[in-house]
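Whole structure, please, built from the sequences with the hints as guidance.
Okay, here's what each chain looks like letter by letter:
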Amino acid sequence: MFPLIVEIQSLTKVYESKNRVVALDGIDLELKQGEIFGLLGPNGAGKTTTISIATTRSLPTAGTVHIAGIDVVKHPAQARRHIGVVPQFNTLDRSLTVYENIYFHCLYFGFSPAQAKARTLALLEQFLLIERKTANVNQLSGGLAQRVQIARAIAHRPTVLFLDEPSAGLDPQSRMAMWKAVEGLRKEGITVLLTTHYMEEADQLSDRVAIIDHGRVLALGSPEKLKTTFGAHTVFDLKLKTHDDLEAVVETLNAREDVASAESTPEGLRVIAASSEGLLPEIVQMATRFGIRDLQIAEPSLETVFIELTGRDLRE
Amino acid sequence: MSSHQDSAIRQAGPSLYLKSFLGLFARDLSVLRREIIPFLLRVGMQPLLFLFVFTFILPRMGSGNPMATGGTDFGTVILPGLMAVAIMFSGIAAVALPLSSEFGITREIDDRVMCPLPLWAVALEKVCFSAMQSIVAALLVIPMAYFIPAHPVKADWHLWPLLALVLVLSSLLAGSLGLVIGSKVNSRHIGLVFSIIVVPITFLGCVYYPWAMLDKIRWLQIAVLFNPIVYMSEGLRAAVTPGIPHMPWWAILVALVFFTAALGRLGLRGFLNRVVS
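Protein chains in written order, with my numbering: chain P, 354 to 669; chain Z, 9 to 285.
These are computed hints drawn from the structure, not numbers from a lab.
As the structure is a computational prediction, the values presented were derived from the model and not from experiment.
No residue lacks a Cβ here, since even glycine has one placed at the ideal position from N, Cα and C.
There's no promise every hint is true.
As the list claims (entries may be wrong) - Under 10 Å between C-beta atoms, here's a sample of chain Z residues computed to sit facing chain P:
1) L26
2) E43
3) R50
4) T114
5) V265
As the list claims (entries may be wrong) - Sample of chain P residues at the chain Z side, in silico, Cβ under 7 Å:
6) S411
7) R434
8) T444
9) R447
10) Y461
11) D560
What the hints assert, rightly or not - Distance ranges between label pairs, derived from CB positions:
12) P/A521 to Z/W128: 25 to 35 Å
13) Z/L167 to P/Q479: 52 to 62 Å
14) P/Q492 to Z/R115: 15 to 25 Å
15) P/A415 to Z/N281: 16 to 26 Å
16) Z/N281 to P/F442: 14 to 24 Å
17) Z/R196 to P/P525: 33 to 43 Å
18) P/S465 to Z/V265: 50 to 60 Å
19) P/L357 to Z/G112: 34 to 44 Å
20) Z/L56 to P/A415: 51 to 61 Å
Given below as structure tokens:
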């Protein structure tokens with residue numbers, strides 16, 4: 354076996370058009386056998402572009418991607434044998450039933466009809482889809498369609514599975530079911546690379562996370578390591594009616610020992626602190642005269658790590 | 009499944025490519041089988057009505073009818089032409105229409121382009137499958153041409169090797185044209201393409217008259233040489249109704265091969281552009 358299942362080196366993608374867009378600016382990533390790896394970043398950070406190149410659907414401007422030791426640009430057809438993909442949108446074959454979507458996928462990967470049938474039935478069982486066997490894929494809910502897509506993507510026993518924003522458009526219940534399905538893949542030893550802009554998802558599922566923004570890797574490590582390295586901080590976000598003389602408050606706060614940093618934002622004030630203990634009432638008191646419209650407190654999480662790294666919210 | 013079988017599945021090279029190709033073909037066959045009635049109606053309706061109106065109704069209207077111009081042999085003249093039209097329409101319907109929607113919002117093509125096969129082979133499978141449908145469509149015209157016309161059609165089946173060759177080449181050509189249209193045209197404009205490309209090249213494709221008889225309109229006779237349908241009609245004419253004037257068979261074969269290669273190349277480039285960004 355290859356110790357490194359996915360090896361991404363100095364990956365760069367530039368879209369040359371009227372507005373030159375640098376989607377990837379030298380990404381380096383290495384995925385080990387059997388790990389679940391999360392690519393966390395806001396929309397437009399370069400997550401989908403990375404997946405597109407790794408899955409042979411897009412060509413890099415520079416850099417290389419090796420999947421199970423195979424260069425995906427030089428040998429795309431061979432690399433695809435090792436790749437399973439669940440794209441962001443439902444790309445199930447609308448002309449086929451649920452069963453046929455998986456069955457024909459197996460045939461595309463060289464299974465005999467008997468092997469394909471056995472594998473399809475086993476997967477339908479595993480993903481609790483057996484009752485939907487003959488359903489038309491147009492009639493499936495978002496959550497069910499996602500499950501069929503995952504079952505289809507792993508049907509040929511790929512070495513690595515790419516999940517692009519797997520919970521986009523799913524209701525909370527379907528998201529939990531999807532998480533469970535991904536957890537289940539761990540037992541099968543499949544390496545998973547998932548992209549997400551939900552920090553809970555990255556936190557919950559991933560063994561390691563890379564935080565990316567503007568096509569660059571900002572930080573990389575286990576969720577726990579990221580949270581401790583980049584400060585297990587609480588972030589207070591205040592929206593204020595007026596900003597006059599806010600600088601004085603910022604200075605006062607910055608002078609305190611329990612405050613890591615305080616700064617004014619376009620909408621008000623952001624305070625990053627070691628803990629919320631005792632600080633909250635004082636912040637509220639100081640900010641009251643500016644008219645508090647809204648107050649958000651983010652407990653230490655990958656979200657706060659992202660804010661500390663970029664100064665921005667994941668959803669901004 | 010044992011790990012031994014697993015590693016057998018992972019075998020690389022031509023044998024996996026072939027299995028993968030056949031898998032794509034099996035998928036298309038299964039979809040077609042489910043839609044066999046719509047398929048037969050789609051390919052059969054036009055030649056059926058055409059033969060019925062022009063070779064059954066009009067000749068019965070008598071000699072006083074100014075529209076009964078085709079003469080008694082009109083059925084013989086248009087049999088090859090109608091086969092060419094059937095090939096053409098079937099090729100476009102089997103490749104261009106599904107491709108343009110699969111490339112569209114649903115991106116249904118994704119799973120098939122992710123199979124362990126070079127992308128040119130995925131496109132080739134589309135063209136081959138469409139060619140098979142085109143051949144069926146062309147053969148369906150033959151029994152109609154025997155039973156419908158008021159005056160019997162005089163076809164000659166001795167040149168069947170030429171017929172087989174022209175049928176296969178024409179069908180691949182139609183599939184290649186379908187690939188060009190399907191990969192280059194936005195699905196919203198696909199109806200327009202029928203009106204501004206498919207219909208004109210069909211009407212000016214020497215379907216309803218032999219190319220030799222265009223000699224009275226010299227400029228048109230030369231202009232239509234750029235129309236690939238002309239060589240389909242003329243090729244089938246040379247093979248099925250050799251008694252009617254037609255181009256030399258070797259020139260037809262050269263032109264069919266040329267157009268298939270040119271359109272195939274263009275279509276493949278369009279396909280790759282749509283699949284890989």
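Hints violated by the structure (listed by number, smallest first): 3, 5, 11 and 18
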